[in-house]
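*Asks:* Sequence:
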Amino acid sequence: MSIRKLGGALAGVAAMATMSALTVTGAQAATPAGAHKAAATCSVTVHLQPRVSIAKSATKVPVKLTGCNGTLVVAVAQLLTSRNKFWDSLGWDDTHRTSVTGFKISDAPKPGTYKIGAEGGSVEGGAEIGFTNAPTTQVKYGTRAAISTTRKSSKVTVSTKLSRYTSGGFKAYPHVKVGFQVRARGTKTWKTIGFSKTSSTGRASIKHTDKHKAYYRVFSTSTGSYWAATSGSSLR
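Residue numbers (our numbering): 322 to 557.
Incorrect hints may have been included.
Cut-off 20 Å, straight-line C-alpha distance, at most; resulting in silico cross-link-like pairs (SDA-like, lysine to any residue) [as the list claims (entries may be wrong)]:
1) 532 x 469
2) 425 x 382
3) 518 x 470
4) 532 x 478
5) 512 x 540
6) 381 x 399
7) 431 x 378
Since the hints were derived computationally from the structure, they do not count as laboratory data. Source: prediction; values computed, not measured.
Construct all of the structure, not just a fragment, from the sequences and the given hints.
*Replies:* Given below as structure tokens:
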């Protein structure tokens with residue numbers, strides 16, 4: 322376990338201990354021993370962005386909490402990997418409604434669906450809170466598509482270099498199918514004119530015949546580990 326994960330785990334334990342202490346304190350003047358716990362007096366909602374693109378050495382992801390306004394003492398949760406393994410701890414209170422998790426390339430995060438789990442918390446008086454959701458986020462590594470175009474009479478050559486993020490930064494993304502598109506000036510519709518596969522250096526190109534100037538772009542599709550990419554447009 323990395324230092325970041327260990328620190329996060331300890332922080333999560335401390336937050337749970339604080340929550341438990343608050344709950345016990347609030348329960349001293351509440352129901353006698355053996356009685357059923359009261360139903361949650363209010364609920365909170367976790368707001369987690371639906372996708373995360375890892376495209377730098379450290380990617381921060383804010384996680385917001387709403388609900389139980391004015392009475393929330395503490396709320397805690399964990400971010401779990403697609404295999405239900407602990408990744409990070411999250412905590413909020415009434416004045417701190419955004420908790421920040423993250424993905425460091427040095428921790429070698431696995432692409433997949435991460436989810437919020439193991440929630441708990443309390444409001445003033447010690448009553449427990451409820452959670453309305455357990456959101457997920459799709460984590461993959463980033464991809465970039467560069468484009469260049471040249472024209473000779475009515476012949477246009479559209480070229481690209483595809484790269485993907487790794488522990489060493491953005492590197493060539495080899496042997497991947499890329500699509501090439503054209504859009505006539507004054508229109509909004511892109512038309513696919515062909516496909517090609519990138520070389521070992523991440524490069525690919527296609528030739529197109531059109532006597533009129535038009536916009537060109539290149540795209541790749543998502544895989545289990547890498548997000549799709551679309552280049553900017555090039556007028557040629």
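*Asks:* Look at each hint and say if it fits the structure.
*Replies:* Hints versus structure:
Between residue 532 and residue 469, the direct Cα distance comes to roughly 18 Å. Compliance with the 20 Å bound is thereby established for this hinted pair. With a CA separation close to 11 Å, the supplied pair residue 425 and residue 382 stays within the 20 Å bound. Using a Cα cut-off of 20 Å, the hinted pair residue 518 and residue 470 holds, with the two alpha carbons roughly 17 Å apart. Between residue 532 and residue 478 the alpha-carbon distance is near 13 Å, which keeps this suggested pair within the 20 Å criterion.
For the hint linking residue 512 to residue 540, the alpha-carbon distance of about 12 Å falls within 20 Å, and the restraint holds. Straight-line distance between C-alpha atoms of residue 381 and residue 399 comes to about 16 Å, which keeps the hinted pair within the 20 Å bound. The straight-line distance between the Cα atoms of residue 431 and residue 378 is roughly 14 Å, inside the 20 Å bound, and the hint therefore holds.
No hint from the list above goes unmet by this structure.
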